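Q: Protein chains in written order, with full-length UniProt numbering: chain A, 1 to 90; chain B, 1 to 279.
Rather than coming from a laboratory, the hints here were simulated on the basis of the structure.
Since this is a predicted model, take the numbers as computed values, not measurements.
Take the hints with a grain of salt, since some may be wrong.
Unchecked claim - Below 27 Å or equal to it, Euclidean Cα-Cα: the simulated BS3-like pairs (lysine-lysine) are:
id: 1; chain 1: A; residue 1: K67; chain 2: B; residue 2: K166
id: 2; chain 1: B; residue 1: K176; chain 2: A; residue 2: K11
id: 3; chain 1: B; residue 1: K64; chain 2: B; residue 2: K48
id: 4; chain 1: B; residue 1: K64; chain 2: A; residue 2: K48
id: 5; chain 1: B; residue 1: K89; chain 2: A; residue 2: K11
id: 6; chain 1: B; residue 1: K145; chain 2: A; residue 2: K84
id: 7; chain 1: A; residue 1: K84; chain 2: B; residue 2: K64
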Amino acid sequence: MGASKLSGMQKQVLSLYRGFLRAARSKPTEDRKRIEMIVSTEFRHNSKEVDRKNFQYIEYLLRLGTKQLDQLKSPDIVSLSSVKVVASKT
Amino acid sequence: MASGLIGRLVGTKPSRLTTAARLIPARWTSTGAEAETKASSGGGRESKLKNFQIYRWNPDNPGKPELQNYQIDLKDCGPMVLDALIKIKNEMDPSLTFRRSCREGICGSCAMNIDGCNGLACLTKIQDGASETTITPLPHMFVIKDLVVDMTNFYNQYKSIEPWLKRKTPPSVPGKEILQSKKDRAKLDGMYECILCACCSTSCPSYWWNPESYLGPAALLHANRWISDSRDEYTKERLEAIDDEFKLYRCHTILNCARACPKGLNPGKQITHIKQLQR
């Protein structure tokens, strides 16, 4: 009967994503595309890799994302950049 | 109030060192372990092993948090829990993550839950005996990694009470200090010593259930510090700002805060003082 109801956590993830895209809109055009690319790859990668039931990790990522979004919203910040690091076995 | 300074007998240390230094070169040809056991005073050097169960969670390899076991020889380690943690990190597992700075109980970085009680790792002695010691991060706080917790909410609550001097009138002698009698200065004792380690707030069950709305014993202790300061002129406004169902009155005098404070302060008493001022 229509789309399945989204859980509270899923709504939080979506609103964080929306927040990032809205913050990207306030930046100059070239940086805006870069921000959108980084954010969307990060979210899509995590949605595939992270187990739906791993609440602790999802909440950790949400808190991390919210902090990064607050930094991004500030007018001094111009753009995001991303570096790929190969995780070593700890 | 406990000052945390430990007196040391300086006289005995150097002489012991020199005798040991003289013994070891004579036995240089024998194996190092033998020399160590024979060089120490008294009988054979048995190792006093102790198990530490430490909370581990890695956000890079996220799974379920676990208690990992480490065994340490207490003869080879300093007396405090922080010494044990540093020894584990240096020799056994470099990935163990924890905050630390002053190692003398003044910075408040190493606050964690040791054997069920909140305290500073640099001030908590390792309990002698064969029993295991369990070390976990501060309870009901979001964990960033291993024993490191997210303190932003705690710091924001401290910021929200405006912990600085606010005046309406300029000082009586412009450019000079605002004078305060000894009696008025004595009113601040028991509050200015707070190091914001968060041991008290994270031991309060009321704070566990309402961490965002209840300010917690640490922030309220500082609120009382500014309310009781005779030099501050915004007392009425400060009292009104926290006169709230949630900010102040979630305190039900559980008094876990006074038990947990590593500096020996009593936040519960200060909160009662604020409640009495609220009329």
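Q: Can you confirm whether the C-alpha distance between K176/B and K11/A stays at or below 27 Å?
A: Judged against 27 Å, a Cα distance of about 56 Å means the pair is violated.
Q: With a cut-off of 27 Å on the C-alpha distance, tell me whether K84/A and K64/B pass.
A: Holds, because 25 Å separates the two Cα atoms, which is no more than 27 Å.
Q: Are the Cα positions of K145/B and K84/A separated by 27 Å at most?
A: Measuring from Cα to Cα gives roughly 21 Å; hence the hint holds.
Q: Within a Cα-Cα threshold of 27 Å, do K64/B and K48/A meet the stated pairing?
A: At roughly 19 Å apart (the allowed maximum being 27 Å), K48/A and K64/B satisfy the hint.
Q: Take the C-alpha atoms of K64/B and K48/B, compute the straight-line distance between them, and say whether it is at most 27 Å.
A: violated (32 Å)
Q: For K89/B and K11/A, compute the direct alpha-carbon distance and say whether it is at most 27 Å.
A: violated (40 Å)
Q: Within 27 Å, alpha carbon to alpha carbon, are K67/A and K166/B?
A: Roughly 30 Å between the alpha carbons, so the hint for K67/A and K166/B is violated.
Hint violations for this structure: numbers 1, 2, 3, 5, all remaining hints satisfied.
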